[in-house]
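J.: These are the residues of each chain, in order.
2 protein chains.
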Amino acid sequence: MHNLQDTITAPATPAGVSALAVIRVSGAHAIAIANQCFDKNIENAEGYTIHYGHIVDDTVRIDEVLLSVFRNPHSYTGEDSVEISGHGSPYITRRIIETLLKNGARMAEPGEFTLRAFLNQKLDLAQAEAVADMISSNSEASLQMALSQMRGGFSKDIAVLRQELIDFAALIELENDFGEEDVEFADREGLKVLIAKLLTQIEKLRSSFAAGNVLKNGINTVLAGKPNAGKSTLLNALLNEERAIVSEIAGTTRDTIEEVFTLNGMQFRLIDTAGLRESSDTIEQIGVGKTKESMRKAELLVYLFDLSTTTPAQLGEELKALPPSGQTIVVANKAEIGRYTLSDWPESTVFISAKELEIQPLLSELERVASHYELGNETVINNARHADALAKSSEALQKVLHGLDHGLTSDMVALDIRNALFQLGLITGEVTNDEVLDSIFTRFCIGK
Amino acid sequence: MHNLQDTITAPATPAGVSALAVIRVSGAHAIAIANQCFDKNIENAEGYTIHYGHIVDDTVRIDEVLLSVFRNPHSYTGEDSVEISGHGSPYITRRIIETLLKNGARMAEPGEFTLRAFLNQKLDLAQAEAVADMISSNSEASLQMALSQMRGGFSKDIAVLRQELIDFAALIELENDFGEEDVEFADREGLKVLIAKLLTQIEKLRSSFAAGNVLKNGINTVLAGKPNAGKSTLLNALLNEERAIVSEIAGTTRDTIEEVFTLNGMQFRLIDTAGLRESSDTIEQIGVGKTKESMRKAELLVYLFDLSTTTPAQLGEELKALPPSGQTIVVANKAEIGRYTLSDWPESTVFISAKELEIQPLLSELERVASHYELGNETVINNARHADALAKSSEALQKVLHGLDHGLTSDMVALDIRNALFQLGLITGEVTNDEVLDSIFTRFCIGK
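Line order of the protein sequences matches chains A and B.
Each residue of the first sequence is one higher than the one before, counting from 35 in the working numbering.
Each residue of the second sequence is one higher than the one before, counting from 35 in the working numbering.
Not one of these hints is a red herring.
Each pair may be met inside one copy or between any two copies, as identical chains are not told apart.
Here are the simulated lysine-lysine pairs, DSS-like style, with alpha carbons at most 27 Å apart: (1) K156 <-> K74; (2) K331 <-> K354; (3) K190 <-> K74; (4) K238 <-> K426; (5) K238 <-> K433.
Calculated from the structure, these hints are not laboratory results.
All chains should be modelled from the sequences, with the hints used to inform the complete structure.
T.: And the structure:
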């Protein structure tokens, strides 16, 4: 991997003309290198102090800056670090970086500052991953989950589980040491109870993944209904509520998702179902198939019908024809017609008038759905890598249980326990390998 | 204008997912307001110190941040100020700003931080304008000129001129006080000499405007020549030299200019002349007219011809047909054909092969042109507002001179001197009005 003896630098703020731009420098020589590029002597500056001066390339002035000094270990990376806050011109940022490189720094790889923080034990691996979640958070729910994971609650839970397993392993390995003597230090029945307890905890964490994913990425929602049911009008009404906020969130990846709106801090990601109609055209059929697939995967289906033209019998047929999906909210649109009998329609039907912007009954339903996913005091995981490691830990523990039930030798049991320990260690980074670190940190942005 | 008693806040870094985002707060209550949004007490924190902690909205944690404290007058604005450096998520930035607003700050207007710096006499007006030039600088030449103006050399020159005028005015006004008595405190001949000196200095500054404009905005260059002379190939060869650098400069406004490349820190802005051909189409004629107009305004014309198909006589005709413009470089392309007689062509002709990327002779010529504009020790102005004020000062001084020559009464002379003083004062901001301030600072980006 990267050479950690190097002093690294990178811009920490987005390129663009702006008031300020911040450049980070970290490593053993950070302060010495910055000192060579600065017109004041900061070699003996204390940590957590700010210094006003100019960045100079030999004798040429580059910028008037504020320079912040951080002393090992009291910095983000745990190394000596400097942050240079200059004028927000991409040209100036480039010139400052060039000057730092000329004086011995090298460009940081994406995520290398956080990697160093991890390697210097300022963060465990799950916390380092939460930093990336923090930066990409775009709703209150995703922000609060990232903050909760940065506080380390999740890692501590995992560490407790792992410690119990280590205690297990110690006893079993002790039995191995006695080889042929057939002693049992570890009480087999006690072990089984403990493993069952561990498995319950792991399953609970694993099952929190769906909710965690929703908190992080929003609720995948399909808005369906026949043409002219009023889907576009409803969409506009929903987005109108949130347009000001949505438009401020830059950099949201949309992929195949058409629109995103936020309600009570929870994002709803609306999947387009325009293509959902019968067709004899082969290519169009593939499109319809994909839409139906996304409906099956959706957490929520909002099914809209036109109250003024649909009979209860027709609605029944329409609902029957839907592919199976998660929760469904049936919405009667065009309630402005005013003459309908509530009892004619399914009890849970929500009546709105998208045209008149009377959509509060639907918003209340959406809030109810969102509240299911609210972040409580329970630990929630949201990272596919963690879910995978938990699944593999679970598998290894099941094997241990199976081995105990079938009188497997203690060395075989110990092997499965060690495997589970390895998988859990991968989550917090107590066990690491370059490949795992690489795949985690290269997904970070540069300068972090 | 804005209420300067308010404490203001704004993001200071561009929106976007990144390592860091910086939010500025400035005003009498900056530290108190930030203190209410922070989970550590910073009320008594010293200036130029950094504090690690969390931004909190009541009890809800928003972000883990570094908070820098600046104490009046030792801050950018001259007021108490706080800079909050948080995670680079647009959502988090918005939440932090919301929290600050909730606790009594208001959103800053564009340029309001710098406006406050000016009003608190941290900068004069010309220096404040140089801050905007700094941020938009995109070449070494524009950066160095902005830095030079921020150092205040230009303002000091103006202030010296203005002081001499004030001394004048005092004597003349004294004469007015004596009314009918017909005394002359101010030596008329001495005054004329002094005004002539002032006019020379003003003219020198005014005439530096063209060079200043070039340093700031680059050299307007027209690349012309018959179809198939190799303009596109040359353009690619020129841009290829600089592509890596050019592509890094984000946010360059191009307007009608097609391509920009940098040579020895100087930008060349290439104007498209694709439309330069005879046409009977009325609309196309307008286009050609505009192109010819831009050629007339260009500082530099690079005229390319095909050495393999053009005769010296034809070239003579082509050059004669060109509209008058600034400097011209005649470039013979396709020098790879190898058989031509140097003496057949104008002495200054530059021979290149765009196809073979042998364009060094042209680059040398361009460097020679660029060196004309190099920033020496002389004061250079680059701001149309300053040029205008200098023109008006000059006009007023001419009037004074004319008045002296024609025995105008001292009160009339004093009026013209006062007008010149007013115009010069507008540049440094010793004289201001809201309209001028508004037009200057609303052009700043938010957060500066």
